[in-house]
Every structure is written in structure tokens, then in C-alpha cells.
Amino acid sequence: MTSYNLTHLKQLEAESIHVIREVAAEFKKPVMLYSVGKDSAVMTHLALKAFYPGRPPFPFLHVDTTWKFREMIEFRDKYVRQELGIELIVNINHEGLKLGIDPAENSEKHTEVMKTESLKTSLTHYGFDAAFGGARRDEEKSRAKERVFSFRDKFHRWDPKNQRPELWSLYNTKVDPGESIRVFPLSNWTELDVWQYIYLENIPLPDLYFAKVRPVVFRNGTWIMVNDDRLKLKPGEQIEHKMVRFRTLGCYPLTGGVESNATTLPEIIQEMLLTTTSERQGRMIDKDAGGAGMEEKKKQGYF
Amino acid sequence: MSHKSDLISQDILAYLKQHEQKELLRFITCGSVDDGKSTLIGRLLYDSKMLYEDQLAQLESESKIHGTTGGGFDPALVTDGLKAEREQGITIDVAYRYFSTAKRKFIIADTPGHEQYTRNMATGASTADLAIILIDARHGVLTQTKRHSFIVSLLGIRHIVVTVNKMDLKGFSEERFEEICNDYRNFASRLDLPDVHFIPISALNGDNVVDPSPNMPWYRGSTLMNFIETVYIGSDKNLEDFRFPVQFVSRPNLDFRGFCGTIASGIIRRGDEIMVLPAKRLSKIKRIVTQDGDLEEAFCPQAVTVVLEDEVDCSRGDMIVRPGNVPKIGQQFDATIVWMATEALIPGKTYIFKQTTLSTIGQIDSLRYRVDVNSLHRSPAPDLRLNEIGRCSITVNQPLFFDSYRRNKTTGSFIIIDRVSNITVGAGMITDRDTAKGTKVAAWEQIETSEATDSTKVQAVSEQERSARYGQKPATVLLTGLTGTGKTTIARAVERRLFEEGRAVAVIDGELVRKGINVDLGYTVEDRSENLRRSAHLAKLLNDQGLICLAAFVAPSEAVRLRVGEVVGREKYAVVHLTADLDTRRQRDNKGFYEAAEAGRLPDFANVLANYESPESPDLVLDTGSESLSDCVDKIVELLRSKGFLTR
Ligand SMILES: Nc1nc2c(ncn2[C@@H]2O[C@H](COP(=O)(O)OP(=O)(O)O)[C@@H](O)[C@H]2O)c(=O)[nH]1
Numbered sequence: 001m002t003s004y005n006l007t008h009l010k011q012l013e014a015e016s017i018h019v020i021r022e023v024a025a026e027f028k029k030p031v032m033l034y035s036v037g038k039d040s041a042v043m044t045h046l047a048l049k050a051f052y053p054g055r056p057p058f059p060f061l062h063v064d065t066t067w068k069f070r071e072m073i074e075f076r077d078k079y080v081r082q083e084l085g086i087e088l089i090v091n092i093n094h095e096g097l098k099l100g101i102d103p104a105e106n107s108e109k110h111t112e113v114m115k116t117e118s119l120k121t122s123l124t125h126y127g128f129d130a131a132f133g134g135a136r137r138d139e140e141k142s143r144a145k146e147r148v149f150s151f152r153d154k155f156h157r158w159d160p161k162n163q164r165p166e167l168w169s170l171y172n173t174k175v176d177p178g179e180s181i182r183v184f185p186l187s188n189w190t191e192l193d194v195w196q197y198i199y200l201e202n203i204p205l206p207d208l209y210f211a212k213v214r215p216v217v218f219r220n221g222t223w224i225m226v227n228d229d230r231l232k233l234k235p236g237e238q239i240e241h242k243m244v245r246f247r248t249l250g251c252y253p254l255t256g257g258v259e260s261n262a263t264t265l266p267e268i269i270q271e272m273l274l275t276t277t278s279e280r281q282g283r284m285i286d287k288d289a290g291g292a293g294m295e296e297k298k299k300q301g302y303f
Numbered sequence: 001m002s003h004k005s006d007l008i009s010q011d012i013l014a015y016l017k018q019h020e021q022k023e024l025l026r027f028i029t030c031g032s033v034d035d036g037k038s039t040l041i042g043r044l045l046y047d048s049k050m051l052y053e054d055q056l057a058q059l060e061s062e063s064k065i066h067g068t069t070g071g072g073f074d075p076a077l078v079t080d081g082l083k084a085e086r087e088q089g090i091t092i093d094v095a096y097r098y099f100s101t102a103k104r105k106f107i108i109a110d111t112p113g114h115e116q117y118t119r120n121m122a123t124g125a126s127t128a129d130l131a132i133i134l135i136d137a138r139h140g141v142l143t144q145t146k147r148h149s150f151i152v153s154l155l156g157i158r159h160i161v162v163t164v165n166k167m168d169l170k171g172f173s174e175e176r177f178e179e180i181c182n183d184y185r186n187f188a189s190r191l192d193l194p195d196v197h198f199i200p201i202s203a204l205n206g207d208n209v210v211d212p213s214p215n216m217p218w219y220r221g222s223t224l225m226n227f228i229e230t231v232y233i234g235s236d237k238n239l240e241d242f243r244f245p246v247q248f249v250s251r252p253n254l255d256f257r258g259f260c261g262t263i264a265s266g267i268i269r270r271g272d273e274i275m276v277l278p279a280k281r282l283s284k285i286k287r288i289v290t291q292d293g294d295l296e297e298a299f300c301p302q303a304v305t306v307v308l309e310d311e312v313d314c315s316r317g318d319m320i321v322r323p324g325n326v327p328k329i330g331q332q333f334d335a336t337i338v339w340m341a342t343e344a345l346i347p348g349k350t351y352i353f354k355q356t357t358l359s360t361i362g363q364i365d366s367l368r369y370r371v372d373v374n375s376l377h378r379s380p381a382p383d384l385r386l387n388e389i390g391r392c393s394i395t396v397n398q399p400l401f402f403d404s405y406r407r408n409k410t411t412g413s414f415i416i417i418d419r420v421s422n423i424t425v426g427a428g429m430i431t432d433r434d435t436a437k438g439t440k441v442a443a444w445e446q447i448e449t450s451e452a453t454d455s456t457k458v459q460a461v462s463e464q465e466r467s468a469r470y471g472q473k474p475a476t477v478l479l480t481g482l483t484g485t486g487k488t489t490i491a492r493a494v495e496r497r498l499f500e501e502g503r504a505v506a507v508i509d510g511e512l513v514r515k516g517i518n519v520d521l522g523y524t525v526e527d528r529s530e531n532l533r534r535s536a537h538l539a540k541l542l543n544d545q546g547l548i549c550l551a552a553f554v555a556p557s558e559a560v561r562l563r564v565g566e567v568v569g570r571e572k573y574a575v576v577h578l579t580a581d582l583d584t585r586r587q588r589d590n591k592g593f594y595e596a597a598e599a600g601r602l603p604d605f606a607n608v609l610a611n612y613e614s615p616e617s618p619d620l621v622l623d624t625g626s627e628s629l630s631d632c633v634d635k636i637v638e639l640l641r642s643k644g645f646l647t648r
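Respectively, the protein sequence lines represent chains X and A. Oh and the first sequence: position 115 is 115 in this note's numbering, straight run, nothing missing. Oh and the second sequence: position 307 is 307 in this note's numbering, straight run, nothing missing.
Read the hints as simulated data drawn from the structure, not as lab findings. All figures in this text were calculated on a predicted structure; none of them were measured in a lab. Any given hint could turn out to be false.
[Unchecked claim] Straight-line Cα separation of at most 20 Å, EDC-like style, residue types lysine to aspartate or glutamate; simulated pairs:
{"no.": "1", "chain 1": "A", "residue 1": "17", "chain 2": "X", "residue 2": "201"}
{"no.": "2", "chain 1": "X", "residue 1": "161", "chain 2": "A", "residue 2": "343"}
{"no.": "3", "chain 1": "X", "residue 1": "10", "chain 2": "A", "residue 2": "343"}
{"no.": "4", "chain 1": "X", "residue 1": "174", "chain 2": "A", "residue 2": "343"}
{"no.": "5", "chain 1": "X", "residue 1": "161", "chain 2": "A", "residue 2": "418"}
{"no.": "6", "chain 1": "X", "residue 1": "154", "chain 2": "A", "residue 2": "297"}
{"no.": "7", "chain 1": "X", "residue 1": "10", "chain 2": "A", "residue 2": "418"}
{"no.": "8", "chain 1": "X", "residue 1": "49", "chain 2": "X", "residue 2": "83"}
{"no.": "9", "chain 1": "X", "residue 1": "10", "chain 2": "A", "residue 2": "294"}
[Stated by the list, open to error] Chain X side only, calculated, beta carbon under 10 Å to chain A, not exhaustive:
{"no.": "10", "residue": "6"}
{"no.": "11", "residue": "14"}
{"no.": "12", "residue": "106"}
{"no.": "13", "residue": "108"}
{"no.": "14", "residue": "112"}
{"no.": "15", "residue": "151"}
{"no.": "16", "residue": "152"}
{"no.": "17", "residue": "174"}
The C-beta atom is built at its ideal place from N, Cα and C for all residues, glycine as well.
Build out the structure end to end from the sequences listed, making use of the hints.
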């Protein structure tokens with residue numbers, strides 16, 4: 001007998017597709033924020049599924065801080081642009097670039113100018129009224145209360161005390177000109193769900209996720225990759241060659257790698273399950289401004 | 001538990017395979033402030049190893065600053081979210097938490113216990129399959145408990161676990177636990193809660209949360225974790241009525257025209273005849289398209305794209321259904337509304353109503369009554385304010401395709417949006433207007449609103465005359481027990497005995513009612529409940545004619561059995577619990593139910609086996625495996641006599 005039950009991944013997939021279609025149907029000018037990481041990979045995959053045999057009826061936007069891993073940019077251009085043929089906008093804050101902020105020296109300022117500011121100006125510039133993001137509620141405490149459809153005012157600000165109630169799968173998509181909604185189709189996915197889905201669906205990923213011998217320096221208790229000659233060695237630091245991989249991808253001077261021998265997806269999942277530290281641990285920005293770093297960033301308009 | 005399985009290190013592929021088959025269960029936790037909700041959630045996450053070391057380290061340091069446990073590890077901090085709230089020391093919004101075990105992935109909607117946050121609870125409850133209602137063992141059932149239970153029943157959550165927390169502070173007392181369970185049952189019998197369970201726990205120390213408590217050996221039921229891992233939710237969704245709200249029309253090229261959407265309910269197969277609403281155009285399903293290949297059949301809640309045989313007009317907001325099973329189509333309907341905005345609901349003002357994929361302008365014509373969430377009392381009201389609940393009549397500008405919320409959560413729900421501020425101001429659940437048909441479970445509630453008509457008042461022959469003739473007082477004896485415990489056999493034997501004595505007696509056999517007046521009912525929790533509700537009224541009618549009524553029903557739910565008592569009158573009601581060991585029951589089962597259930601073919605039956613609640617205080621328990629039929633009959637007759645039902 002057929003049992004009319006979906007597995008948890010199939011149910012999550014269906015719910016995410018529902019969200020993506022709802023945005024495509026109700027907004028004038030949606031965009032998918034693409035960050036090259038594994039969550040973006042899953043979101044891209046779901047967007048393709050949602051409109052098959054058609055194409056996603058919205059462009060993708062990558063906010064390039066110019067400090068991303070080289071491999072990320074290669075993957076983005078080769079896979080998303082060429083292979084999938086998706087319309088991808090790359091936004092660089094050229095004004096900000098002139099300030100010449102070194103992320104290794106001032107990560108907070110760098111993130112604010114090159115990421116948050118850059119994102120806000122480009123959303124305003126193109127007039128996007130909805131922007132998909134790959135954030136998950138399990139990632140970080142302040143996200144647990146985030147809606148799937150999260151309202152942002154004219155200044156892209158999030159007001160945690162004043163969120164619209166969200167019931168059933170009925171999403172309120174109404175906004176006035178200038179206002180927008182951030183949409184998180186992966187809200188209910190956990191890190192394990194994401195990995196398992198990537199494995200089951202065979203979704204391509206940048207190879208930074210897989211362990212490989214890479215040139216790295218040990219800094220702030222983690223391995224930072226020497227991705228180009230902009231990384232200035234501090235006194236006492238020396239370049240070593242280690243088997244490392246990255247659990248999240250971002251600006252290379254701010255993204256710590258972990259020593260690992262995991263070169264396949266099952267091995268990565270195995271490592272993730274056996275590890276005792278959370279995913280964001282390798283990221284430096286969470287540590288800014290005490291425990292509530294992310295939350296402050298979100299109010300300002302960073303994801 | 002997922003994160004401590006040995007399989008991870010030994011055979012990751014096998015582990016992944018195992019975890020691919022998991023189901024998703026959503027639940028909500030409700031409790032008053034300080035009942036231990038955060039502690040319980042923290043405990044579930046902690047014990048299922050969903051916390052990493054860095055998070056733990058952070059928690060431990062925070063326990064010292066914000067914790068309430070004197071610097072020791074405080075599981076409650078796991079769930080505290082935003083900074084401002086953390087400083088106030090209370091949670092004030094809906095937060096979602098995740099954890100998983102080898103069997104299921106869980107999503108917790110963590111909602112506050114605060115007085116004024118009906119709106120948040122309704123939000124969390126709207127997607128939940130199950131509700132955990134926390135009661136502090138020291139305080140017992142409070143007004144808040146009643147309010148939470150009411151909202152849970154209003155939002156149609158079918159499975160309730162009442163966890164009595166802080167048992168450590170009450171010396172792990174069984175009496176205290178029983179007392180609270182009874183209090184809860186007494187008031188819950190007025191609500192529509194088809195499946196209620198009770199578990200005594202200590203969230204702080206973990207008793208009965210994941211592992212059975214050594215401190216409460218008297219409790220032999222499931223631990224909380226075990227319960228939520230195994231509770232059967234398969235029959236909760238509506239697979240009968242196919243409803244496909246068109247969400248998006250896909251026209252990538254001239255040769256392809258597909259209708260994308262999420263199946264709201266029911267099942268559809270390639271080749272099936274369909275009808276497109278509102279145009280009522282007929283066609284057939286040509287293809288069910290997904291990127292992973294075409295499907296032969298699809299069911300709720302899959303997100304698919306369908307292609308029709310014919311070129312029919314169809315756009316977002318239309319609904320594809322089967323010609324023989326259509327929803328109600330109309331611009332007017334009644335609904336229960338939860339108001340969520342500081343600005344009150346004003347009858348006559350226009351709002352945006354969003355239901356499935358349709359948005360339309362409309363207005364609330366009249367507010368029939370407001371429900372006091374604490375007393376459940378209904379009273380007339382001029383408006384509906386923040387966190388108030390009311391029953392309304394609504395008219396919209398464009399026809400909607402809807403079912404009652406009881407029958408179909410997806411097509412029976414809507415949100416209300418303010419046209420100026422764009423804020424979601426309310427949420428509604430459509431009720432059946434003509435209560436005569438189709439209300440199913442909600443019918444229990446009708447009893448309370450409509451003045452129960454007492455048929456004895458209009459009789460020509462008086463109660464006394466009947467009683468004198470038959471030598472008895474009317475009564476209903478419920479024989480409850482699992483299949484194969486001998487309910488029907490014993491009922492018939494008692495009937496024979498009483499008949500020989502010249503008394504007036506009738507048997508209501510669960511199986512027979514299902515072939516007649518209840519032929520429209522299945523075996524879901526709701527349908528079982530409705531089956532008993534109707535049978536209870538039947539018994540009452542027979543009692544009114546002076547008859548003694550023997551009702552043979554499985555009747556697995558304690559709450560439902562109590563309601564039967566409410567209908568027939570407690571003083572006229574007796575419950576006899578029939579038991580027998582599994583072997584005996586299997587032997588007597590000539591229809592092969594047990595075999596089928598063990599083979600996994602009868603999930604509803606298996607569910608009843610697993611979740612049958614023994615009556616808390618039966619008037620009589622008979623082990624029909626060891627006692628002879630005539631002994632059983634003697635004892636039941638003796639019971640009738642001792643209760644004063646037999647007067648000669
Ligand atoms: N003794 C005892 N205390 C508990 C138990 N569960 C929670 N508490 C305490 O009760 C207080 C309130 O708990 P909390 O989880 O914050 O309640 P919430 O407001 O419902 O989230 C805290 O001081 C907890 O440590 C329990 O099982 N036993």
C-alpha cells in the first residue's frame with residue numbers, strides 16, 4: 001500500500017518551493033541573493049525545481065566584497081552563470097573600495113561598508129521589492145524568531161519587536177514603494193538537512209568545502225587561507241600547508257578553516273555530526289559586540 | 001539520538017540512509033510564565049545533543065549572568081532569543097527550534113505564556129501537529145492552562161500532551177498527578193480535543209523527558225520524547241478532497257503551459273477528470289511535472305506542476321478540483337477570527353482577505369459574539385480588540401473556494417491585512433454555516449450553545465410510569481476495550497439476562513452503528529470521536545424511553561468517554577473496562593485486524609492499539625481472558641443493581 005507520507009526532506013523541499021513560487025507570483029521585482037555557499041546552492045536548486053521546465057523568473061544578486069575566496073568567484077561564474085545560464089548581477093561597492101579597509105584589521109567596518117551598505121544600495125538601486133536569502137533559523141539565536149517573510153522598511157531595517165504574524169502557509173506580501181521583504185525559503189532547514197539534501201540531490205558545491213592541502217596561517221585560533229598576496233602576515237605567523245576545509249564561505253581573511261581529511265560529502269557530514277563546535281564558529285563577525293553581534297547587524301540591514 | 005549514534009563513525013552511509021526516512025513533526029509548547037517551558041525545550045535540545053560545545057560554553061557563561069539556577073547550568077537559556085527580551089528575562093514572541101532523532105525531525109514553535117499573547121500562540125499553533133501543554137505541579141490547572149487549551153482546540157491541533165512539570169517539588173506524588181489529570185479532563189471535556197495524553201515530568205532534572213524516571217516508578221506510560229517520536233499523525237491530513245489552488249502559471253515556451261501549486265489536500269493521478277474553478281471548465285490531468293520526472297500520482301502537501309489535456313483558462317487564484325467533490329464557492333461565510341492588531345476590528349471596514357492563493361477585498365458584516373478565552377463564555381461585542389477571539393460573518397468582493405477549517409486547514413483558513421498599514425491584523429478559520437451537515441467534531445460544541453432539548457419534557461408517558469413497568473431506571477453502560485476483549489458478546493449476554501427478567505434493554509454495537517447511521521465515518525481520531533458523539537445521543541434517546549442501554553465501543557480516548565457521560569448524564573452512566581491479554585484478543589479476532597496491523601496495513605487500528613487509554617476510574621474492570629462469560633454478566637448485573645438502576 002502506498003503511504004501518503006513525505007519524508008522530512010521532501011516536505012521541506014515542497015514548503016520551500018511553495019515560498020519561492022509565492023514570491024514570484026506576488027512581487028513586482030524579486031531577486032535571489034546568492035552568496036556562493038552551500039545554502040545558496042540549495043536555494044538555487046529549489047528555485048530551478050520550482051519553475052521547471054521554465055527558468056526562475058528573477059535574477060540573482062551577488063554582493064562581492066572583493067575579499068571572497070578566488071574559488072568562490074570561479075565557481076559562481078562557471079556554474080551559475082555559464083552552466084545554469086542564470087542572470088547574475090554582481091555588485092561591488094566601488095565607493096567603499098576607495099576607503100581601502102583591510103578586513104583583517106577592521107572586520108566590523110569592512111562588513112558594514114562592503115557587505116551591508118553595498119547590499120542596501122544595490123537593492124535600492126534596482127528597486128527590488130523582495131530578496132531571497134539563504135538564512136536558516138537554526139543558525140543563530142536571533143534568527144529563531146525571524147519570519148519566513150520578513151518585512152524591511154525603506155531603510156532596509158528589521159524591527160524584531162514589530163514583525164507581522166505569520167500563520168499557516170499564508171504569507172503577507174504587501175509592501176509600499178521603497179519597502180521590501182526578505183524571504184527565507186530555508187528557514188526551517190537545519191545544517192544537517194542542508195547537507196543531507198545536497199548529498200541526496202547531488203548538488204554541486206565549490207571545492208572549498210572539501211579538504212585539500214592549502215596554504216594557511218594560524219590566526220585567532222583558526223586556519224586562515226592565504227588566498228592572495230593581500231593577506232599581510234603578522235609577526236610570528238608563517239605560511240603552512242595543511243589539509244583544511246571550510247564549513248562556511250565568506251571573505252577569506254575572516255573565514256577560518258578546519259583541519260580535515262573529509263574529501264567526500266558523506267565524510268563531510270560525518271565530520272559535521274561528530275564535531276563539537278557549531279557552524280558559525282569559524283566566522284569572526286558573530287563575535288563582534290558581545291553575544292548579540294548578529295542581531296545588531298540584522299537591525300542595520302545586514303542579513 | 002541523531003548526534004550520538006554509533007553509526008555515524010562506523011557506517012556513515014547507513015546512517016544517512018536511516019535519516020533519509022525521517023518524518024517531520026511540528027509541535028507547540030504552551031505554559032504560563034515560569035511553568036518551565038524554556039527549561040523543557042532546553043532539556044529536549046540538550047538531551048538530544050543538538051547543542052555544540054561553543055554554544056554550551058556560551059550558555060554556561062550566560063547561566064552565570066542571566067540564569068535562574070544560581071550559576072549552575074540553566075537549560076532555559078538555550079531558548080532565549082533577542083537581546084532586549086533576554087534582559088527582561090522573558091520570551092515574548094514565537095521562536096522556532098529544531099532538533100531531530102533517528103525517527104523524526106522536530107520543529108518547536110516556542111510561544112510565550114504571557115497573558116496578552118493569544119496572537120503569538122495562534123501563530124505557533126497554526127502549523128503544529130501536536131501541542132505540549134505544561135502545568136506546574138504545584139499550581140495545577142490554571143486559567144492560563146484553559147486558555148491555552150482553548151486556542152489549541154480552536155486552531156485544530158489534534159494531539160495534546162499535558163506534561164505535569166516540577167514533579168520533584170511535589171515529591172513525585174502520584175496522587176497529585178492524578179488530581180491534576182482529573183481536573184484537566186473535567187474542563188477539557190468541554191473542548192474539542194480528540195487525543196489527550198498526560199505525562200509527569202521534571203524538566204529541570206530530565207525525569208520522563210527522554211529517559212524513564214526512577215523517581216516515578218508508578219508511571220508506566222511513554223516518556224515525552226518517546227511519545228512525540230511515535231505518535232501517529234498519518235491520518236491527520238485530508239487525503240479525501242482534492243484541492244489544488246493555482247499559485248503560478250508557467251509558460252516557458254509556446255508548447256508548455258503548466259499550473260504550479262501546492263496540493264492543499266487529497267490525491268490526484270494522471271488521467272483524472274478535473275474541474276477548474278470558478279469557470280467550472282472540465283478537463284483531465286495530462287501530466288504531473290516535476291524536475292525529477294513526471295509523476296503518476298501526487299498528494300498533499302507536494303508542490304507540483306500540472307498540465308491539462310485541454311486549453312482551459314486558468315490563472316493564479318483559480319482552484320483545480322474533482323468534478324464530484326467541490327469546495328463551497330461563495331462570497332459570504334462565517335469564521336472564527338483571532339484579532340492581532342492594536343487597532344480594533346471594525347465591522348463594516350474593508351480589509352484584504354488572503355485565502356489560499358487568492359486575495360480579495362472584503363468586510364466583516366457582523367460580529368456575532370466574542371469568546372472569553374478564559375471562561376469560554378460567549379457575549380455580544382461591538383468590536384474585537386488585540387488578542388480577542390470572535391465569531392463573524394464576512395462578505396468578500398470575489399468568490400472564494402473554501403471548506404470548513406475542521407475539514408481542511410488549508411482551504412479553511414485566511415489572514416486579514418489592513419489596506420493602509422499592510423499589516424496582518426487577523427487570522428480566521430472558516431466555520432460551517434449550516435451546522436446540520438458536515439461539522440463533524442465541532443458538533444460536540446453545539447450541545448453547549450443550543451439549549452439541549454430535553455425530550456422527557458414532551459413525553460406522553462412519564463418517567464415514573466416507565467420505571468414502574470420495567471422495574472428499572474434508564475442508564476447507559478459503556479463497555480470499552482480493544483478489539484477481541486468480548487464487548488459485543490458480553491453486551492448480548494447481559495441483554496439476554498435482563499430481557500429474561502422482563503426489563504427493557506437495548507444494545508448499541510459500535511460495529512453496527514458504523515454500518516448504518518455512521519457509515520460516513522472512518523477511523524481517524526476525529527471520526528472516532530464523532531462516532532461516539534452520535535451514539536451517545538442515540539443512547540440518550542433510548543434512555544429517555546426508559547431503556548437500559550448497553551453500548552459496546554472501543555472508545556479509546558478518555559476525554560471522549562467523559563463526554564459521552566456528559567451527554568447521557570453522569571448519574572445515568574457507567575463505564576465497564578474489558579481487558580484480555582494479547583493472545584486471547586488475537587484468537588477472538590476473526591477479521592484479522594491484529595495480523596493486518598502487525599503487517600503495517602492498518603495504521604489507524606495500530607494507532608488505537610498503541611494509544612488506547614485505560615479508563616481512569618471505571619465502575620468495573622473485567623478480565624475476559626480469565627473470567628467466564630456468566631461471571632462477567634453477573635458482575636455487570638450486580639453493578640447495575642448497586643447503582644440503583646434495577647429497582648426490583
Ligand atoms: N524544581 C524544578 N524547577 C523547575 C523545573 N522546570 C523548571 N524549573 C524552574 O522553574 C523556573 C522557570 O522555568 P522556565 O523554564 O524559565 O519557565 P518558562 O517561563 O515557562 O520558560 C526556573 O527557575 C526553572 O529552573 C522542574 O522540573 N523542577
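Results of checking the hints against the structure:
{"no.": "1", "hint": "17/A - 201/X", "result": "holds, 13 Å"}
{"no.": "2", "hint": "161/X - 343/A", "result": "holds, 17 Å"}
{"no.": "3", "hint": "10/X - 343/A", "result": "violated, 40 Å"}
{"no.": "4", "hint": "174/X - 343/A", "result": "holds, 18 Å"}
{"no.": "5", "hint": "161/X - 418/A", "result": "holds, 19 Å"}
{"no.": "6", "hint": "154/X - 297/A", "result": "violated, 45 Å"}
{"no.": "7", "hint": "10/X - 418/A", "result": "violated, 34 Å"}
{"no.": "8", "hint": "49/X - 83/X", "result": "holds, 16 Å"}
{"no.": "9", "hint": "10/X - 294/A", "result": "holds, 16 Å"}
{"no.": "10", "hint": "6", "result": "holds, 7 Å"}
{"no.": "11", "hint": "14", "result": "holds, 4 Å"}
{"no.": "12", "hint": "106", "result": "violated, 23 Å"}
{"no.": "13", "hint": "108", "result": "violated, 17 Å"}
{"no.": "14", "hint": "112", "result": "violated, 19 Å"}
{"no.": "15", "hint": "151", "result": "holds, 8 Å"}
{"no.": "16", "hint": "152", "result": "violated, 13 Å"}
{"no.": "17", "hint": "174", "result": "holds, 4 Å"}
Checked against the numbered hints above, the structure violates hints 3, 6, 7, 12, 13, 14, 16; every other hint is satisfied.
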